[in-house]
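Novice: Heads up: the protein sequence lines correspond to chains L and B, in order.
The opening residue of the first sequence carries number 1 in UniProt numbering; numbering runs sequentially from there.
The opening residue of the second sequence carries number 1 in UniProt numbering; numbering runs sequentially from there.
Because the hints were derived from the structure by calculation, they are not lab data.
We put the beta carbon where it would ideally sit given N, CA and C, even for glycine.
Heads up, some of the hints might be wrong.
[Unchecked claim] Residues from chain L shown here face chain B by an in silico Cβ test under 8 Å; the list is partial:
1) Met27
2) Val41
3) Gly49
4) Met55
[As the list claims (entries may be wrong)] Quick list of simulated restraints, FRET-style, between CB atoms:
5) L:Leu13 to B:Tyr57: 48 to 56 Å
6) L:His23 to B:Ile32: 16 to 24 Å
7) B:Leu11 to L:Phe116: 31 to 39 Å
8) B:Glu103 to L:Ala119: 22 to 30 Å
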Amino acid sequence: MAYLTDRKRAAGLGAAKTGTEHHWSMMVSSVALLLLVPLFVFTVGPVIGSSHGEMVAYFAKPFPAIVAALTLTVGLMHFKNGAQTLIEDYVHGPAKKLTIIGVICLSYAAAGTALFSIARIAL
Amino acid sequence: MADVNRGNRPLSPHLAIYRPQLTSMTSILTRITGNALLISTLLVVWWFLSAAISPEYFAYADGVLTSWFGDIVLTLSVLGLWYHTLAGLRHLIWDMGYGLEVEQAEKMGIVCLVGSVVLTLITVLVV
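If we strip away everything but chain L, and leave its shape as in the complex, we get:
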């Protein structure tokens, strides 16, 4: 013990442990969403309430389909990382791990479903 420096003894005892990469992923996805969200709202919004034929014809065009696919996948990955921070703050112990795993699985499942659906409509 006597040979450890004070710095070495303190390393890893903080609350944060890691986080730089996590913060960076939130920054990158939020910049992307800053552009995607307005495009998504004003391309998808008007189509809600239209007939099936109109909706399918609209998303057969590349631009609305690509915007919708990107917004939902980038948005869900942003949610996955953001919700993890929320869980880490309020849930502890084994429940924390299980909730984070659940959120990650749900995020990928929703993103996969969105991509499948949009591809099926667009192609």
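Once you have looked at the hints, place chain B on chain L.
Specialist: This is chain B only, laid out in the frame that chain L set:
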């Protein structure tokens, strides 16, 4: 001396002793809106999935989203989405090292609150 006080380090003061402030309220609202948007996202994904399944199922899902209840949920979703977008922009500005003074942070907080309502009204009018 580094060996004393291990595992008994001071904790930050409990939330309950703080008076509600604009900065803390706009901060927690960012978290609430961001996580609540999962419900909106799942609804929209369900709407896309229904269109991929059949015209009949799409009519059902679209009917739910355009019902009075769907209108309320979607309008609140848009409000939450714009608020979270503006609050996210505020975070990006902070990350660049600007607007960290309390006065500026509060000013930007008001912009987030008012801006999200204005953007929601514009969205409801346009969409």
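Novice: Each hint: holds or not?
Specialist: Going down the list of hints, with the structure as the test:
1. Met27: holds (6 Å)
2. Val41: At about 6 Å, which falls below the 8 Å cut-off, the nearest Cβ of chain B leaves the hint on L:Val41 intact, so it holds.
3. Gly49: holds (4 Å)
4. Met55: With a minimum Cβ separation of about 5 Å from chain B (threshold 8 Å), the hint on L:Met55 holds.
5. L:Leu13 to B:Tyr57: 48 to 56 Å: For B:Tyr57 against L:Leu13, whose Cβ atoms are near 54 Å apart, the range 48 to 56 Å holds.
6. L:His23 to B:Ile32: 16 to 24 Å: holds (20 Å)
7. B:Leu11 to L:Phe116: 31 to 39 Å: The hinted range 31 to 39 Å is violated for B:Leu11 and L:Phe116, with Cβ atoms some 46 Å apart.
8. B:Glu103 to L:Ala119: 22 to 30 Å: violated (49 Å)
Hints 7, 8, counting from the list given before, are not met by this structure.
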